[in-house]
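Visitor: Got chain A sorted already, so can you dock chain B onto it with the hints?
Number of protein chains: 2
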Amino acid sequence: MKKQINKSVFWALAFSVVLVFSAQSQSENSPSRDALMLESIYNETMTNAKAYDWLRFLSLQIGGRLSGSVEAEQAVEYTKSVLNDLGLDRVYLQPVMVPKWVRGAPEYAYYETAPGLSTTVPITALGGSVATPSIGLKAKVIEVKGLEELEKLGRRVIEGKIVFYNRPMNPQTIQTFDAYGACVDQRYAGALEAAKYGAVGVIVRSMNLRKDDFPHTGSMSYGESPINSRIPAAAISTNGADLLSATLRLNPETTFYFKQNCRAFPDVKSYNVIGEIKGSVYPEEIMVVGGHLDSWDLGDGAHDDGAGVVQSIEVLRTLKAIGYKPKRTLRAVLFMNEENGLRGAREYASESESLGEKHVFALESDSGGFTPRGFQFDTSPQNFERLQKWSALFYPYFTDRFELGGSGADVGPLKSQGTVLAGLRPDSQRYFDHHHSDHDTFDQVNKRELELGAAAMASLLYLIDTYGADTPTN
Amino acid sequence: MKKQINKSVFWALAFSVVLVFSAQSQSENSPSRDALMLESIYNETMTNAKAYDWLRFLSLQIGGRLSGSVEAEQAVEYTKSVLNDLGLDRVYLQPVMVPKWVRGAPEYAYYETAPGLSTTVPITALGGSVATPSIGLKAKVIEVKGLEELEKLGRRVIEGKIVFYNRPMNPQTIQTFDAYGACVDQRYAGALEAAKYGAVGVIVRSMNLRKDDFPHTGSMSYGESPINSRIPAAAISTNGADLLSATLRLNPETTFYFKQNCRAFPDVKSYNVIGEIKGSVYPEEIMVVGGHLDSWDLGDGAHDDGAGVVQSIEVLRTLKAIGYKPKRTLRAVLFMNEENGLRGAREYASESESLGEKHVFALESDSGGFTPRGFQFDTSPQNFERLQKWSALFYPYFTDRFELGGSGADVGPLKSQGTVLAGLRPDSQRYFDHHHSDHDTFDQVNKRELELGAAAMASLLYLIDTYGADTPTN
Chain A
1 MKKQINKSVF
11 WALAFSVVLV
21 FSAQSQSENS
31 PSRDALMLES
41 IYNETMTNAK
51 AYDWLRFLSL
61 QIGGRLSGSV
71 EAEQAVEYTK
81 SVLNDLGLDR
91 VYLQPVMVPK
101 WVRGAPEYAY
111 YETAPGLSTT
121 VPITALGGSV
131 ATPSIGLKAK
141 VIEVKGLEEL
151 EKLGRRVIEG
161 KIVFYNRPMN
171 PQTIQTFDAY
181 GACVDQRYAG
191 ALEAAKYGAV
201 GVIVRSMNLR
211 KDDFPHTGSM
221 SYGESPINSR
231 IPAAAISTNG
241 ADLLSATLRL
251 NPETTFYFKQ
261 NCRAFPDVKS
271 YNVIGEIKGS
281 VYPEEIMVVG
291 GHLDSWDLGD
301 GAHDDGAGVV
311 QSIEVLRTLK
321 AIGYKPKRTL
331 RAVLFMNEEN
341 GLRGAREYAS
351 ESESLGEKHV
361 FALESDSGGF
371 TPRGFQFDTS
381 PQNFERLQKW
391 SALFYPYFTD
401 RFELGGSGAD
411 VGPLKSQGTV
421 LAGLRPDSQR
431 YFDHHHSDHD
441 TFDQVNKREL
451 ELGAAAMASL
461 LYLIDTYGAD
471 TPTN
Chain B
1001 MKKQINKSVF
1011 WALAFSVVLV
1021 FSAQSQSENS
1031 PSRDALMLES
1041 IYNETMTNAK
1051 AYDWLRFLSL
1061 QIGGRLSGSV
1071 EAEQAVEYTK
1081 SVLNDLGLDR
1091 VYLQPVMVPK
1101 WVRGAPEYAY
1111 YETAPGLSTT
1121 VPITALGGSV
1131 ATPSIGLKAK
1141 VIEVKGLEEL
1151 EKLGRRVIEG
1161 KIVFYNRPMN
1171 PQTIQTFDAY
1181 GACVDQRYAG
1191 ALEAAKYGAV
1201 GVIVRSMNLR
1211 KDDFPHTGSM
1221 SYGESPINSR
1231 IPAAAISTNG
1241 ADLLSATLRL
1251 NPETTFYFKQ
1261 NCRAFPDVKS
1271 YNVIGEIKGS
1281 VYPEEIMVVG
1291 GHLDSWDLGD
1301 GAHDDGAGVV
1311 QSIEVLRTLK
1321 AIGYKPKRTL
1331 RAVLFMNEEN
1341 GLRGAREYAS
1351 ESESLGEKHV
1361 FALESDSGGF
1371 TPRGFQFDTS
1381 PQNFERLQKW
1391 SALFYPYFTD
1401 RFELGGSGAD
1411 VGPLKSQGTV
1421 LAGLRPDSQR
1431 YFDHHHSDHD
1441 TFDQVNKREL
1451 ELGAAAMASL
1461 LYLIDTYGAD
1471 TPTN
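From first to last, the protein sequence lines are chains A and B. Residues in the first sequence are numbered consecutively from 1, following the working numbering. Residues in the second sequence are numbered consecutively from 1001, following the working numbering.
Extracted from the complex, chain A is given alone in its bound form:
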């Protein structure tokens, strides 16, 4: 394409929307001032943001940072030093005990159609899984499309076998997080359920819409089941799953071998990392912006959730850079252990409760560093109606989709304080290509897309700070 899109028409249209908003808005708002403030925020972020440089360090110099790992502690130290350099009012670490699960030597797997005729396939142990016996595990395979098939097949069919969960994410579901939600029970509860029917192991199709060779890990749980009933569980790449499924159709006697060496250790001490700008008028009213500092050990966690971490810090940098002094206290909280425990989020909320703090608003970015499309809010329909009016201000920035009904895992525990919760919603199409795999790497993050997210977050926080999170306070 070489033709220029008509610029004046675009701006005419953009401003007409702002003007419409102006005419309709309540007296609490002063749209032209707000539009100018957003412009100032976006200009600062898109020109001088440090988020991409911070993400490069977090991804390439530190790398995957699973809770309890050396890398997680390096990430604590690094982000603390970044926050310190911003000259905030307060930077501190909040101790929290976290699980320590270690992958050990790389996994190995193959299927065998006849003695000596084997094909290796890429797998990765699910987070929290037990190891296989040290010589590995080999058994026939029973393929199912989900947990609900187990009962129908029964112990007679399943006992002694490896259950292969192969329900794919639905490509017809446009919002990919919904497609993920409709499959992830296989990963989370697959081993627990299959063990009840005597399965000896579990292989799960990776939660990925793309056909490729990356296996995707993620959390799983044995619930309260006895230690000796726990069977090993691994994810297989989507290409591997298709290959295994086709092979099983040709030869149902195909056996599967896998070996994994993962192990859980006692909990270790780690930290949430917190940076704060004290509110100038209502210091007791706290606004949080955050993401999670831990990641899985595959890839370097650039999208999940390095992006949310550096965007949250960028919000503080940008607002300081333009000289904005929040009326309410603004905290960047970098939560530890979202992936396999949510301990950081629970500790933060629980300590906040003990201190009698009052969180009015908490915004999370944990859906990747892609072009932002808008926000989701967890609040009353009445309040959402009020917040939604602000979306017109985000139209010129292509981030004006405001929806009711979600936020994020790490801000969730604050809900008991009555906090209005929100989540940044980037474009979801590529997220699961990367999620929890070796393909979640820094080179897959676009600088502008990352920065647009940070600017949108800073803009929303400015509006919340100015007009209040729930009901107008001034």
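By construction, these hints were calculated from the structure, which means they are not laboratory data. Please read these numbers as outputs of a predicted model, since none were measured by experiment. For each residue, glycine too, the CB sits at the ideal point set by N, CA and C. Treat the hints loosely; a few may be bogus.
Said to hold, decoys possible - Listed next, the in silico EDC-like pairs over lysine to aspartate or glutamate satisfying Cα-Cα at most 16 Å (straight line):
{"#": "1", "chain 1": "A", "residue 1": "Lys211", "chain 2": "B", "residue 2": "Asp1443"}
{"#": "2", "chain 1": "B", "residue 1": "Lys1327", "chain 2": "B", "residue 2": "Glu1284"}
{"#": "3", "chain 1": "A", "residue 1": "Lys211", "chain 2": "B", "residue 2": "Glu1449"}
{"#": "4", "chain 1": "B", "residue 1": "Lys1211", "chain 2": "A", "residue 2": "Asp53"}
{"#": "5", "chain 1": "B", "residue 1": "Lys1211", "chain 2": "A", "residue 2": "Asp443"}
{"#": "6", "chain 1": "B", "residue 1": "Lys1325", "chain 2": "B", "residue 2": "Glu1276"}
{"#": "7", "chain 1": "B", "residue 1": "Lys1211", "chain 2": "A", "residue 2": "Glu449"}
Said to hold, decoys possible - Label-pair restraints from in silico Cβ distances:
{"#": "8", "chain 1": "B", "residue 1": "Leu1060", "chain 2": "A", "residue 2": "Thr113", "range": "50 to 60 Å"}
{"#": "9", "chain 1": "A", "residue 1": "Lys358", "chain 2": "B", "residue 2": "Leu1060", "range": "22 to 32 Å"}
{"#": "10", "chain 1": "B", "residue 1": "Thr1113", "chain 2": "A", "residue 2": "Thr120", "range": "45 to 55 Å"}
{"#": "11", "chain 1": "A", "residue 1": "Leu117", "chain 2": "B", "residue 2": "Thr1119", "range": "49 to 59 Å"}
Guide: Below, chain B alone, put in the same frame as chain A:
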């Protein structure tokens, strides 16, 4: 992120918009039928699309396909065979004479701060440029930020030098096509203007917001200036431009050497490729969906405009697959020579005029295969108001940004028929990372994002076919 976004809330919201639309809509529309038809279109495309496979062949088996090249002719043959396989009513080639400009041996460039102290930098000849002398061209450099600086500096400063145009794309401009439009005069007219002041060559900063090592080519023109006044012009990568600029600040005596071997040949014969489904009720009313088949010779032209080509074909495949029989004639037109001549588009419009055809609508995809955000329309404000009501139908597909004021270069010449024109508008953030460079490659296209564009295009054509392009006809 692991928490599922609340699905029921999402759908409740999505449908509430459709219902609002339903209540407000004119009698011409039957929203629930339309919503179901769009769902059927999207389901078909997202499940069975062939667009990605076609693009793989076009990109990896054929590659860059500049007008007049062997690859361009291979692309004509390939897409014709693809259209033939769809079982359309008519598939044909429309002959058109196109320019043939050939890059020749790779370009070479360095700057020299002192005799023997040289640093190579990545450049690429601009499309249409003359070659340097066979021993290359070496001269001092004068850096400017745009054409307007030339007059101020005057012949005294510029004569005998290489003019280095270094105005960067503005990172604060959110719609990157606007940032491109504000810089591209340097590339298009830089050589023509600099030659008037006695410059011996031109180096232009690549039209790319990213800092990297890819030089980006693109069309330039000498206008009607005499052959012997034409000076060679090349693009330098953004990193190269920053390096050269910093070096010039330290040492204004720095010289620049470059050698390029490009050459223009006489025009050659090529083709637009056209596939048609005859209208069942109004066969004389033609709707076009198209992209351009040629690309630059760098990279493999996957985004520009392989994406638009395969999306246009996919529209026909999808509509046939769901059994939809258009009332109006629907043509996929794969235009030749958009990049350096627009000859295919002009030929198509001019032949259409001769035949007395009536094009009611023409939709172009030529902004990359990224997640679609919406459409732009070139029509009257009154008609746009009518079309805009359809945007609610695209809300569940995240493609509901309808704007007045643009379409595309290849459908442009149809405007004289009074045709309503439109362009697909994908997310623009990454487009110029790839555009006209070695970085425009198949691996940079996401399958789902490409397919969502095709489904949106098919959906818009369904609505146009059902309700008419300009005023209700039934």
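Visitor: Which of the stated hints cannot be reconciled with the structure, identified by number in ascending sequence?
Guide: The structure breaks hints 8 and 9; every other hint is satisfied.
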